[in-house]
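Participant: The listed protein sequences correspond, in order, to chains W and F. Every letter in the first sequence is one number past the one before it in numbering that gives the first Met the number 0, and letter 468, counting from 1, is 467. Every letter in the second sequence is one number past the one before it in numbering that gives the first Met the number 0, and letter 31, counting from 1, is 30.
Hints are supplied without guarantee of correctness; some may be wrong.
Subject to a maximum C-alpha distance of 25 Å in a straight line, what follows is the list of computed SDA-like cross-link-like pairs (lysine to any residue) [unchecked claim]:
| hint | chain 1 | residue 1 | chain 2 | residue 2 |
| --- | --- | --- | --- | --- |
| 1 | W | 250 | F | 126 |
| 2 | F | 137 | W | 292 |
| 3 | W | 427 | W | 472 |
| 4 | W | 324 | F | 126 |
| 5 | W | 213 | F | 145 |
| 6 | F | 114 | W | 457 |
| 7 | F | 114 | F | 126 |
| 8 | W | 390 | W | 297 |
| 9 | W | 399 | F | 108 |
| 10 | W | 213 | F | 148 |
| 11 | W | 390 | W | 337 |
| 12 | F | 148 | W | 253 |
| 13 | W | 324 | F | 111 |
| 14 | W | 250 | F | 130 |
| 15 | W | 394 | W | 371 |
| 16 | F | 148 | W | 211 |
| 17 | W | 213 | F | 131 |
| 18 | F | 269 | F | 280 |
| 19 | W | 446 | W | 371 |
| 20 | W | 446 | W | 457 |
What the hints contain is simulated information worked out from the structure, not anything from laboratory work.
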Amino acid sequence: MWFLCLTYVLSRLQGSKKVPKCQCKGRSFPSVVSLLRPLLLDVVPSVRQTAALGLGRLADYNVDLAEAVVKAGILPQLVRSLPEENRYYKKTAAFVLRAIAKHSPQLAQAVVQSGALETLVICLEDFDPGVKEGACWAFDYIARHNPELSQAVVEAGAVPLLVLCIQEPEIALKRIAASTLSDISKHSPELAQTVVDAGAIAHLAQMIPNPDAKLKRQVLSALSQIAKHSVDLAELVVEAEIFPVVLTCLKDSDEYVKKNGATLIREIAKHSPELSQLIVNSGGVAAVIDCIGSCRGTVRLPGIMMLGYVAAHSENLSMAVIVSKGIPPLCACLIEEHEDHIKAAAAWALGQIGRHTAEHARHVAGANVLPTLLDIYVDTRSSEDLKMKAKKALKNILQKCTHLPALEPLLHDAPPSIMKHIIGQFSKVLPHDSKARRLFVTTGGLKKVQEIKADAGSLLQEYINAINNCYPEEIVRFYSPGYSEILLERVESYQPVL
Amino acid sequence: MAAASGGREEGGSMAALARLQERLSELREEYFLANRSIDEDRKIKYRAAVKIQSWFRGWRVRAYLRHLNAMVILIQKWWRGYRCRKHFRKMLEIQKRWRGYYVRKYIHNYYALKKYLQAVSVNNAFVRSELQEYVEMKENEEKMKDLEKKEKEKKYQARKMHYLLSTEQIAGIYNSPFRKSPDPMELLLRNSKPLSHRRKQVKSPFAYELYDWPTCKKPPAFVTALPLPPIGRQKPQGPFRDTAEVLWQRYKPLEPTLRVAESINSPLEKAREGIKREEWRNPIHDNEFLPFSSYHKNEDEKYEPSLCKSGKYVREAYGTKHFREVYPNKWIADKDFRTVVPSIFLFEKFGKTYSRAGQIV
Numbered sequence: 000m001w002f003l004c005l006t007y008v009l010s011r012l013q014g015s016k017k018v019p020k021c022q023c024k025g026r027s028f029p030s031v032v033s034l035l036r037p038l039l040l041d042v043v044p045s046v047r048q049t050a051a052l053g054l055g056r057l058a059d060y061n062v063d064l065a066e067a068v069v070k071a072g073i074l075p076q077l078v079r080s081l082p083e084e085n086r087y088y089k090k091t092a093a094f095v096l097r098a099i100a101k102h103s104p105q106l107a108q109a110v111v112q113s114g115a116l117e118t119l120v121i122c123l124e125d126f127d128p129g130v131k132e133g134a135c136w137a138f139d140y141i142a143r144h145n146p147e148l149s150q151a152v153v154e155a156g157a158v159p160l161l162v163l164c165i166q167e168p169e170i171a172l173k174r175i176a177a178s179t180l181s182d183i184s185k186h187s188p189e190l191a192q193t194v195v196d197a198g199a200i201a202h203l204a205q206m207i208p209n210p211d212a213k214l215k216r217q218v219l220s221a222l223s224q225i226a227k228h229s230v231d232l233a234e235l236v237v238e239a240e241i242f243p244v245v246l247t248c249l250k251d252s253d254e255y256v257k258k259n260g261a262t263l264i265r266e267i268a269k270h271s272p273e274l275s276q277l278i279v280n281s282g283g284v285a286a287v288i289d290c291i292g293s294c295r296g297t298v299r300l301p302g303i304m305m306l307g308y309v310a311a312h313s314e315n316l317s318m319a320v321i322v323s324k325g326i327p328p329l330c331a332c333l334i335e336e337h338e339d340h341i342k343a344a345a346a347w348a349l350g351q352i353g354r355h356t357a358e359h360a361r362h363v364a365g366a367n368v369l370p371t372l373l374d375i376y377v378d379t380r381s382s383e384d385l386k387m388k389a390k391k392a393l394k395n396i397l398q399k400c401t402h403l404p405a406l407e408p409l410l411h412d413a414p415p416s417i418m419k420h421i422i423g424q425f426s427k428v429l430p431h432d433s434k435a436r437r438l439f440v441t442t443g444g445l446k447k448v449q450e451i452k453a454d455a456g457s458l459l460q461e462y463i464n465a466i467n468n469c470y471p472e473e474i475v476r477f478y479s480p481g482y483s484e485i486l487l488e489r490v491e492s493y494q495p496v497l
Numbered sequence: 000m001a002a003a004s005g006g007r008e009e010g011g012s013m014a015a016l017a018r019l020q021e022r023l024s025e026l027r028e029e030y031f032l033a034n035r036s037i038d039e040d041r042k043i044k045y046r047a048a049v050k051i052q053s054w055f056r057g058w059r060v061r062a063y064l065r066h067l068n069a070m071v072i073l074i075q076k077w078w079r080g081y082r083c084r085k086h087f088r089k090m091l092e093i094q095k096r097w098r099g100y101y102v103r104k105y106i107h108n109y110y111a112l113k114k115y116l117q118a119v120s121v122n123n124a125f126v127r128s129e130l131q132e133y134v135e136m137k138e139n140e141e142k143m144k145d146l147e148k149k150e151k152e153k154k155y156q157a158r159k160m161h162y163l164l165s166t167e168q169i170a171g172i173y174n175s176p177f178r179k180s181p182d183p184m185e186l187l188l189r190n191s192k193p194l195s196h197r198r199k200q201v202k203s204p205f206a207y208e209l210y211d212w213p214t215c216k217k218p219p220a221f222v223t224a225l226p227l228p229p230i231g232r233q234k235p236q237g238p239f240r241d242t243a244e245v246l247w248q249r250y251k252p253l254e255p256t257l258r259v260a261e262s263i264n265s266p267l268e269k270a271r272e273g274i275k276r277e278e279w280r281n282p283i284h285d286n287e288f289l290p291f292s293s294y295h296k297n298e299d300e301k302y303e304p305s306l307c308k309s310g311k312y313v314r315e316a317y318g319t320k321h322f323r324e325v326y327p328n329k330w331i332a333d334k335d336f337r338t339v340v341p342s343i344f345l346f347e348k349f350g351k352t353y354s355r356a357g358q359i360v
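Throw the hints in and build the complete structure from the sequences for me.
Facilitator: Here is the structure:
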């Protein structure tokens, strides 16, 4: 009988996922699992191992299969027998645990409740790198779901062993250990602090120059998850001397390495002006701007947000961003990108850059950003979030913008809520500058102002009055709508003097 | 009273006068008393009047003084305020200038900001150029790696197709007589060693090519690659094991158990050291035993005979001149061996038939 099962299992192992698919219909799940279960207790070790491998592949493929495996009570058995087995069995058992845990938090909870964590820690202490890798992977999938499971993993004492695993020479093991640390520290500051206390930052920072792209992804992701929680953690990460090495990651050929590098810099920059200042001084802004210019799509998003955060802290930093030629790529993003959330981020960043003083607003307006923002605000296809961000950005920039040629084009097709700010700015500048007044008339701005209908007593009307007061009576009357009719009526009613 | 009585009738006037004179002493007393009381009253009233007036006058004066005081205070207030404000304006002027100076110099220093921004842009340019260099270096490395790979492929192909090499008589396909110079492939073929048939492409167990290039560091790989078999080797007949297996087994690196590799004071180590010591102790002299083939090469190193071999004052003939002991009394005849059968003619030509040219170094 067990020969049959063995051949069954072996045939499953040779094949791909197609085999389980065609052989496992809904009814036969428990029967399949119950077939494999006694094989786990077989005398011959290789049968045990292949049975475990078969279970692992089944659980990996489908959620229902994984649940069937859990319900059949295989987990406690697997966990109990693990410490005495050889390394191939340990690897396979770790594979089974991870295949079950990856599907949902409840299944991961079931894995934890069967006492798997202590056994996996024993596997982590093993000499064979393959066993360590399997155990790390299982920890990764368990800790990924929610903070309680991460806490359970930490309480089992896995973190120092993971930090040891990172120092091993095998690249696959390093990758998985870095990914596990990243998933543990992403949930809460206390977990991140635990990871930091185990001394992970120094080792992670050492691995940034490594040539392997996937390893770099995981390492940068881990550092950014640690740095994102608080100022102290971010400062600890910075003290590990990641600048300027991190900037080389922004030029890597792999897209996700660039993205994770930009994410790390963003998480550091957003906490305080001093950290942003540090990043600017080490040339990080230039590198991020180049990175934005060279990528497309969601990969750009962290870089855009980083520029926004840096510019938001103070006007000097904002000027530094402008000086590093940050505005053209952001404008390009606004125009080229299709995704709404990237456009919203770009609009927000531009608003942060331009909102400080007239100088900043002039630079932003000079890059022809305002008409684009207006188009986005008015466009019906934009989402609510995008519209709101575009409006806020416009408002912030317009309130400081005194560069009238840039405000001109906006007069013609702005909606009333924006119009009030534009007219407000005109009313502030025109009383003092005669050349601007002349220009305002010749470009047809005065005519447009007359055509605006505003409620009497509203702010808009006050601004319009202020503008009208800058000009002589005749001009204002000349440009007011319907003046030609009035003139013609006068012509009609005129009695010629003979 | 007299007038009143005078105004009355004359008849009654005398009676009235008499009555009045009776009452005269009483009238005097009454009069005196009345006047006294009036006097006293008057005094009291006088004093009261004086008091009231003094109080009133005092009040009036005080009120006036108070009023004066208030006026004085007002005037002084105004005056002092005016003076202080004037002073203050002067102070304010100084403070204004000082604060403006201070802010412009230290807090919102325009020129410092300008310099800082210039420094930032210079730094940015520098960082950008460095990153550009880094990118170019990486690209070069990639290209080099690709080139290397291609070269390796070509060389492997050349080794495989070594039979296409042109000979003196027959020109190979890469060496067409119509060409001015041979094809590069021809040159490659000339330079490559021919590949024997059974060359297995053994992959190293570590698939991490990243260690090869550019760090030029190989991880400690477990040797399973077959070393090249000697040329012209034929497969040995018989049920022998695969050579690779045998060599693998023979050259398997030592994996000592934990017990063995454990401590410096392990018994194995001690035993080894004991053996070493014995070996150092036992030999007769320290010179190594050299093979005889190098005897002629180092003629300047004189052979030092051991004490046993040396003769009285000279070297013994035994060991150099002859190796055998000679017993002439046991000899049958005193003549040496003679050749009876003529030597074989062919054997004398051995090694001399072919020209030296055929022998390739």
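Participant: A separate judgement is required for each hint: does it hold in the structure or not?
Facilitator: These are the hints, each one checked on the structure:
1. About 12 Å separates the Cα atoms of residue 250/W and residue 126/F, which keeps this hinted pair within 25 Å; it holds.
2. Proximity of residue 137/F to residue 292/W is assessed by CA-CA distance (about 20 Å); at most 25 Å being required, the pair is judged to hold.
3. Among the hinted pairs, residue 427/W with residue 472/W is consistent with the structure: their alpha-carbon atoms are about 20 Å apart, no more than 25 Å.
4. Of the supplied pair hints, the one linking residue 324/W and residue 126/F holds, its CA atoms being roughly 14 Å apart against a limit of 25 Å.
5. About 21 Å separates the Cα atoms of residue 213/W and residue 145/F, which keeps this hinted pair within 25 Å; it holds.
6. For the suggested pair residue 114/F and residue 457/W, the alpha carbons sit about 45 Å apart, so the restraint of at most 25 Å is broken.
7. Restraint check: the Cα-Cα separation between residue 114/F and residue 126/F comes to about 18 Å, which is no more than 25 Å; the hinted pair holds.
8. For the proposed pair residue 390/W and residue 297/W, the alpha carbon gap of about 23 Å is at most 25 Å, so the pair holds.
9. As the CA atoms of residue 399/W and residue 108/F are separated by approximately 21 Å, the hinted pair is consistent with the 25 Å bound.
10. Our distance criterion of 25 Å between C-alpha atoms is met by residue 213/W and residue 148/F, whose separation comes to about 23 Å.
11. Using a Cα cut-off of 25 Å, the hinted pair residue 390/W and residue 337/W holds, with the two alpha carbons roughly 19 Å apart.
12. Under the criterion of a C-alpha separation no larger than 25 Å, the hint pairing residue 148/F with residue 253/W is consistent with the structure, at around 22 Å.
13. Simply put, residue 324/W and residue 111/F have alpha-carbon atoms about 20 Å apart, close enough for the 25 Å limit, and the pair holds.
14. The hinted pair formed by residue 250/W and residue 130/F meets the criterion: a straight-line CA distance of about 7 Å does not exceed 25 Å.
15. With a CA separation close to 14 Å, the supplied pair residue 394/W and residue 371/W stays within the 25 Å bound.
16. Taken as a hint, the residue 148/F and residue 211/W pair is honoured in the structure, with Cα atoms around 19 Å apart against an allowance of 25 Å.
17. A hinted pair counts as satisfied when its Cα atoms are at most 25 Å apart, and residue 213/W with residue 131/F qualifies at roughly 22 Å.
18. Annotation: proposed proximity of residue 269/F to residue 280/F holds, straight-line Cα distance about 16 Å (limit 25 Å).
19. The suggested pairing of residue 446/W with residue 371/W holds, with an alpha-carbon distance near 24 Å, which does not exceed 25 Å.
20. Restraint check: the Cα-Cα separation between residue 446/W and residue 457/W comes to about 20 Å, which is no more than 25 Å; the hinted pair holds.
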